[in-house]
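As given, the protein sequences belong to chains C and F, one line each in that order.
At position 72 of the first sequence the residue is numbered 72 (the numbering used here), and the sequence of numbers has no breaks.
At position 279 of the second sequence the residue is numbered 1279 (the numbering used here), and the sequence of numbers has no breaks.
Bear in mind the hints are in silico, worked out from the structure with no lab data behind them.
Source: prediction; values computed, not measured.
Cβ atoms here follow ideal geometry from the backbone N, Cα and C, with glycine treated the same way.
Be a bit skeptical, because a hint or two may be false.
[Claimed, not checked] Listed below are the simulated SDA-like cross-link pairs for lysine to any residue, each with C-alpha atoms no more than 25 Å apart in a straight line:
1. F:1336 <-> F:1155
2. C:107 <-> F:1453
3. C:75 <-> F:1463
4. F:1298 <-> C:28
5. F:1458 <-> F:1307
6. F:1482 <-> F:1513
7. F:1336 <-> F:1004
8. C:75 <-> F:1458
9. F:1298 <-> C:16
[To be verified] With beta-carbon atoms standing in for the labels, derived distance ranges:
10. C:21 <-> F:1035: 50 to 56 Å
11. C:107 <-> F:1015: 36 to 42 Å
12. F:1530 <-> C:156: 39 to 45 Å
13. F:1137 <-> C:25: 35 to 41 Å
14. C:39 <-> F:1137: 37 to 43 Å
15. C:46 <-> F:1269: 47 to 53 Å
16. F:1521 <-> C:153: 39 to 45 Å
17. C:157 <-> F:1471: 36 to 42 Å
18. C:41 <-> F:1145: 45 to 51 Å
19. F:1488 <-> C:56: 47 to 53 Å
20. F:1253 <-> C:3: 38 to 44 Å
21. C:97 <-> F:1029: 44 to 50 Å
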Amino acid sequence: MTMEADRHSRLLDAVQTAVEQFDSNPDELIPILNQVNRSFGYLPPEALEEVSKRLKMPQSRVHSVATFYQMLSTKPLGRHVIQFCESAPCHVVGGREVWQALQDELKISGGETTPDGKWSLITVSCLGVCGVGPVLIIDNEIFGNVTPQQIPDILARYN
Amino acid sequence: MKPYRSMVLVSSDTKSLESGAQDVFRNLQEQTRALGIADEISLSMVGDVGRHDAVPLVIVYPEAVIYGPVKPGDVQRIVEEHLYKGRVVPELQASSRELSGRIAWLSARKGTLPAENRIVLERAGIIDPTNIEDYLLHNGYEALGKVLSEMTPAQVIDEVKASGLRGRGGAGFPTGMKWGFVAKAEGAKKYVVCNADESEPGTFKDRVVLEGDPHSIIEAMLIAAYAVGASEGYIYVRGEYVLAQERLRTAIHQAEEMGFLGDNIFGSGFSFHLHVHSGAGAYICGEETALIESIEGKRGEPRSRPPYPTTNGLWGMPTLVNNVETLANIPPILRKGAAWYKAIGTPSSPGTKVYTIMGHVNVTGLIEVPMGITLREVIAIYAKGMKPGRTFKLAQTGGSSGSIIPASLQDTPMDFDSFAKAGVALGSGALLICDEDTCVVDLAKVLVNFFRVESCGKCTPCRIGNQRAYTLLTNIANGVGKLEDLEELRTLNDSLTQLSNCGLGQTAGTPLRDVLNHFRAEVEAHIRLKVCPSGVCPMSGHKN
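For reference, chain C alone in the conformation it holds in the complex (with noise of 0.2 Å):
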C-alpha cells in the first residue's frame, strides 16, 4: 500500500515538475510528456491523466501524442533499455548477426522485456553514428563497432 502511494506521489510531482517547467502551455505537450518519461521511465496512464488535468486538454489528445512517437514508452520498460540499430547502414556491415546474437544472449525478441524486469530490447531506426555501424545504445550509452562476440562482455558491466 505504502509503496503504490509512494509511486502515485512519485509520479505527481513528476507530472507537476515537467508541466511547470514549461509554463503549462499545451503547445509544449511533447517536451512535457517527453521529460515525465525520462524521469519516470514511462509513462503510466495515471500520469497522461494527470497532464491532461494540468493542461486542460483531453485525454484522448494526450494519449494520441504519447503513442505516437518512439521516444515515448506508454508500457513499462526494463532497468536498462537496449536500442538496437535496425537499418540498412549497420544491417550490411554485421548487424544483422549482433541482433542474433543479442536475443540469442538475452533469450527475448525485440520489444520484450525479460522475465527479471533487466532489460528491455528495442529495435530502431538509424541513431545517426552510421560511420560505425552497427551501432546499440544501451540506456544512454552508446557502442559502435559491435560484433557478435562482444555482446556478453558489453552487457556484462550492466547489473
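Go by the hints and put chain F onto chain C.
Just chain F now, with coordinates in the frame of chain C:
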C-alpha cells in the same frame, strides 16, 4: 595561405584542464617549433569534445586519430612519431571501441585534408562550438552584418536566387524561390523553421553542422528571417540529438547576449527570436507539414497540401522551412556573392554536397565535394576503395528514400538533374556502398521494413502498402515467393508513388522499383531456383 599538413585539436573542458590540457598544448607548441614544423600544423584548443573518460584528448587530422589521456610527457612521442614521421602511436590512442556518441561530430574531419575547400563544413571540427568568439574570428556573423547594413530583403532573396542554391533535404527545390513565396505571403506573423530532424538512415551530416558549428545555422536563420519578414523561428531537432540541442541552446543564449538575436538587432529595426524544439522519435517529422504539426504539440501526421507552409504553415501563418545543410550555405553565399557560389558544382546544381560514406569501404565518414562528382570517384578517392578483396555491387543513396544504384550507373554525375535523368534519386546524401555479398532482396526487405515501421498510418497506400511489400519480400527471402509477387510489388510501388499523401509514402516504393529494374535476375533466382546467390537470405520455408 599555405595549407596545413595536419590539424591538431586539444580538448579543454574543465576536466581536461584539470588533467593538464594546458601543459599538453604548450608542449605541442614547443615540440613542433623545435622540429621546425610549427607552420605546417594547425593547433587549437577546442573546448568540450564530449568525451570525458580519457581526457585530455589530442585529436590529429586528417587521420582522425584520437590520443588520450595524454600526459605532457607523451607529447614528444606524438609530435616526433605522428606529426613528424607520419606514424600513428597506437599505445597512446584512446580506446575507440566504446564511443561516447557525443564524439560523432568529430568525424567531420576524418579522411579529409584540412586544406580541402569546404563550405557547409567549413568550421565544424575546427572551432570551439561552445564559444561564439571563435565563430566570430572565423567570419561569423559577417554575412548578417552585410545583409542588415547594406541590403534590402528583396536584394537578399535575389542573391539567393542568383546563387542557384537548391534545397538539400532531398527534393532539390530552388531555395531562393521558396524564400520569395514566403516573402510575398500575407500574414500577421511569419516564421522561419530549420528542419533538423535528420533521420534518414545513414545520414549524419546535419548532426555534424549542429554540433560543430551551431552559430552558422542561427546566422542563416537570421538572414532568412530578415529576407522573408519573419520575427520568430524554431529549430526542430530530432530527439536523439541531445548534444546538438545543448549546443544550439548555448549558442542561442550567447547570440542573445551579444545582441545578434532579440529586438531591434543592432538598431536595424529587425527583431528575431529563436527556439529549439526537440522531436521525440518519429522519422515522419522530417516531412515539413508533419514537423509543423509536431511543433504545435500534436501527432506528427502530414497535412494535405496545398495550401503549402509558405502560405499556411506554423499556426496557420506563412512559414519558411529549410534543411540544416541548405541553411549552412546561406552565410557564405551572402558573404562571397552568388557568382562565387555558382562557379562551384554543376550549372543546374551549384555548390557542394555533403555525403556520408558507409558500408564495405576502407574509409567511412563525411565528405563535402562539389555537385557532379561520380560514385566511382567517391569510392576511389574518398573511401580509399572497397575493402580488400571485395567488389562493388551497388550503392544505396539518400537513406531509405534514395535509390539502389547498380554498378552500371557509377559514372553518372551525382547532381539532381543527372540522377533524375538516369531514373534514380540523390536523396539526402547518404552513400551506403555494398559489396557482392550483399543480397538485394535482403536489402530491400530492410529498407521497406523501415517505412513499414515509420509510416504514420494516416493514409492507406503507405500504411497497408509497406506492410504488404514487406510480407512479399519476406516470403521471397524465405524461399516461398512466387513470380506473381514481382508484379504485385510493381503495383505496390505505383500505388505508393501516386496515391500517398506525403513524401514518405511517395518515395517508399523506390527500393522496390530499383530492385525490379536493376536486379530482377537475382530476385528471380530466389523464386525460381530457391537460392539466395549471396547466401544471405534464410530460405527457411524451403528447407524441408
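Against the structure, the hints:
1. F:1336 <-> F:1155: Roughly 14 Å separates the two Cα atoms, so the pair holds.
2. C:107 <-> F:1453: Satisfied, since the Cα-Cα distance of roughly 23 Å is no more than 25 Å.
3. C:75 <-> F:1463: holds (23 Å)
4. F:1298 <-> C:28: holds (9 Å)
5. F:1458 <-> F:1307: Holds, at roughly 18 Å.
6. F:1482 <-> F:1513: OK: residue 1482 of chain F and residue 1513 of chain F at ~17 Å, within 25 Å.
7. F:1336 <-> F:1004: holds (23 Å)
8. C:75 <-> F:1458: holds (23 Å)
9. F:1298 <-> C:16: Given that 25 Å is the threshold and the Cα spacing comes to 20 Å, the pair holds.
10. C:21 <-> F:1035: 50 to 56 Å: For residue 21 of chain C and residue 1035 of chain F the Cβ distance comes to about 54 Å; the hint holds.
11. C:107 <-> F:1015: 36 to 42 Å: holds (39 Å)
12. F:1530 <-> C:156: 39 to 45 Å: holds (41 Å)
13. F:1137 <-> C:25: 35 to 41 Å: Between residue 1137 of chain F and residue 25 of chain C, where Cβ atoms are some 38 Å apart, the hint holds.
14. C:39 <-> F:1137: 37 to 43 Å: Between residue 39 of chain C and residue 1137 of chain F, where Cβ atoms are some 40 Å apart, the hint holds.
15. C:46 <-> F:1269: 47 to 53 Å: Roughly 50 Å apart at Cβ, these two residues keep to the hinted range, so it holds.
16. F:1521 <-> C:153: 39 to 45 Å: Given a distance of about 42 Å, which is inside 39 to 45 Å, the answer is holds.
17. C:157 <-> F:1471: 36 to 42 Å: Holds - the Cβ-Cβ distance for residue 157 of chain C and residue 1471 of chain F, about 38 Å, lies within 36 to 42 Å.
18. C:41 <-> F:1145: 45 to 51 Å: holds (48 Å)
19. F:1488 <-> C:56: 47 to 53 Å: Check passed, 49 Å falls within 47 to 53 Å.
20. F:1253 <-> C:3: 38 to 44 Å: With a Cβ separation near 42 Å, residue 1253 of chain F and residue 3 of chain C satisfy 38 to 44 Å, so the hint holds.
21. C:97 <-> F:1029: 44 to 50 Å: holds (47 Å)
Consistency note: the structure conflicts with none of the earlier hints.
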